[in-house]
Amino acid sequence: MQQTILERIDRVAQGVFSLVLRGADGPLAPWEPGAHIDLHLPNWLVRQYSLCGDPADRERYRIAVRDEPLSRGGSEYVHRFLRPGRRLGVSSPRNHFPLEPAPEYLFLAGGIGITPILPMLRAAIAAKAKVTLMYAGRSTETMPFVAELHSAYGDRARFMATGDRGRPDLAALAAQSSSRALVYCCGPASMVETAEAVFPSDRLRTERFQPTARTFAPDTAFEVVCARSGRTVEVPPEQSLLDALSYAGQPLASACREGVCGSCELVVLDGEPEHRDDIGAAEGRMYPCVSRALTSQLVVDL
Amino acid sequence: MTNVRTGYRRVPLDEVRARLGEPEPMTKAKILDRIDDHFRRFIAHSPFLAMATADAAGRADSSPRGDYPGFVKVIDEHTLAIPDRPGNRIADSFRNLAENDGIGLLFLIPGLRETLRVNGRAYATDEPDVLVRMRTEAREPVLALIVEVEEAYFHCGRALIRSRLWDPASRLLADELPSAGEIVTSQLGLDVDPATIDRGLEVGYRNLY
Numbered sequence: 001m002q003q004t005i006l007e008r009i010d011r012v013a014q015g016v017f018s019l020v021l022r023g024a025d026g027p028l029a030p031w032e033p034g035a036h037i038d039l040h041l042p043n044w045l046v047r048q049y050s051l052c053g054d055p056a057d058r059e060r061y062r063i064a065v066r067d068e069p070l071s072r073g074g075s076e077y078v079h080r081f082l083r084p085g086r087r088l089g090v091s092s093p094r095n096h097f098p099l100e101p102a103p104e105y106l107f108l109a110g111g112i113g114i115t116p117i118l119p120m121l122r123a124a125i126a127a128k129a130k131v132t133l134m135y136a137g138r139s140t141e142t143m144p145f146v147a148e149l150h151s152a153y154g155d156r157a158r159f160m161a162t163g164d165r166g167r168p169d170l171a172a173l174a175a176q177s178s179s180r181a182l183v184y185c186c187g188p189a190s191m192v193e194t195a196e197a198v199f200p201s202d203r204l205r206t207e208r209f210q211p212t213a214r215t216f217a218p219d220t221a222f223e224v225v226c227a228r229s230g231r232t233v234e235v236p237p238e239q240s241l242l243d244a245l246s247y248a249g250q251p252l253a254s255a256c257r258e259g260v261c262g263s264c265e266l267v268v269l270d271g272e273p274e275h276r277d278d279i280g281a282a283e284g285r286m287y288p289c290v291s292r293a294l295t296s297q298l299v300v301d302l
Numbered sequence: 001m002t003n004v005r006t007g008y009r010r011v012p013l014d015e016v017r018a019r020l021g022e023p024e025p026m027t028k029a030k031i032l033d034r035i036d037d038h039f040r041r042f043i044a045h046s047p048f049l050a051m052a053t054a055d056a057a058g059r060a061d062s063s064p065r066g067d068y069p070g071f072v073k074v075i076d077e078h079t080l081a082i083p084d085r086p087g088n089r090i091a092d093s094f095r096n097l098a099e100n101d102g103i104g105l106l107f108l109i110p111g112l113r114e115t116l117r118v119n120g121r122a123y124a125t126d127e128p129d130v131l132v133r134m135r136t137e138a139r140e141p142v143l144a145l146i147v148e149v150e151e152a153y154f155h156c157g158r159a160l161i162r163s164r165l166w167d168p169a170s171r172l173l174a175d176e177l178p179s180a181g182e183i184v185t186s187q188l189g190l191d192v193d194p195a196t197i198d199r200g201l202e203v204g205y206r207n208l209y
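Here the protein sequences line up with chains A and B, keeping their order. The first sequence maps to residues 1 to 302 in the UniProt record's numbering. The second sequence maps to residues 1 to 209 in the UniProt record's numbering.
Hints are supplied without guarantee of correctness; some may be wrong.
As the list claims (entries may be wrong) - To give a feel for the contact side, a few chain A residues facing chain B, derived at Cβ under 7 Å:
1) F17
2) L70
3) R72
4) R87
5) Y247
6) S254
Said to hold, decoys possible - Derived list of chain B stretches under chain A, where covered just means 3 residues or more per stretch with a C-beta under 8 Å from a C-beta of chain A:
7) 11 to 22
8) 177 to 190
Since the hints were derived computationally from the structure, they do not count as laboratory data. Positions of the beta carbon are idealized from the N, C-alpha and C atoms, including for glycine.
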């Protein structure tokens, strides 16, 4: 865990604050566009935020936080109670949404989903790629960084206030978009789902910031073998794999505990996981905070 | 008037008042009828409260509630919401509130000597917009209590100073008690190894949500 000091907290749009976190002990861990961090709040909550500053600035991280009306205590805490000068713990950056090389990009951002896209835009332009941004939000007052984006990217950036004119027509955008363009989409579930419906999956990269509401088969018991320690742990139906491992003396790092942040990633050597996360586990990986098993046994690298 | 069982004299209120003297005018002035920004910050940092309720006949009960700081949500300056996390399922508070909606809350913040008292009226709800704010570890409570605030009061720290409640050395007091398993086996006359009950309790304590 890295220690930071909250250097600035500024309102950048209606209901959105930007936070600049300075490393308390020198330079911070490096990151690439698309990365996010866990922010450890004084109320014990840990929340994930995309880094939206400049990766070349090793002294600081910048994040932006929207005030959620139905906040569980994370965004509400940031908006109401955080003050400059407060020390805050921050994880090393993780990246489930990396910018892959391409000659052309189409960026789709919804509301606060603009945050990972900001450093991507800069990196894409620095790499001389062709870029288009479609940035939608309820109203321009609630959309952070509009002025900054407009002056930096001119008509390569298109803005849409959906409060007036409904949702952006992603299907039309898909029809116009070049087949060479990689599409990066970050926004509310409705936007990500529409993007998934209209863009070919091999060209689409998405990130969600809330777990999708889904229903799963009833939880059943299974067994997990820890290959390195040789230990076998029973996972009862009412317990997560993460908890069962921790009670058995094999604690793992964890943060969101709902399959969004990726901090509890586990290497699976044998058996078939039942993936329930929203990250999209790579082959041979799983997120034990939510995911379970399709086979009666899993073998993991612990 | 004398208590029948103990034979102790009951001191009537006017005499109690005469002995204690009148409160400072400031003390009364500190009682607000709403949750202002200071009290909101207090509640946002409090992981624990004691909840007092009573039934229609005046039979009273106080029960502990705890979770991460800010687990009690301030809906607006007159309304709080308290999640109902899994407990002993006796539901004393809910039963009392169904008969008598008066409620008294005492919020604590570890390390802070002052406490916050909030009194008002309460009812159970399953309002989705309230429950979703209490989602933790991918679980939502089934019910929440809504408290309509009538009085909110910042209580001075004398009791906590005298009790040395936050002094780490005070924790040694816990070592002087038998384990929960030992207490239960003794009280119920069970022919069970207390350690078995203690282990069972520890397993139960793992499922907090």
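For each hint, the structure was consulted:
1. F17: 16 Å, violated
2. L70: 5 Å, holds
3. R72: Interface hint status for R72(A): holds (5 Å vs cutoff 7 Å).
4. R87: 16 Å, violated
5. Y247: 6 Å, holds
6. S254: Violated - the Cβ of S254(A) stays beyond 7 Å from chain B, reaching only about 10 Å at its closest.
7. 11 to 22: violated (count 0)
8. 177 to 190: violated (count 0)
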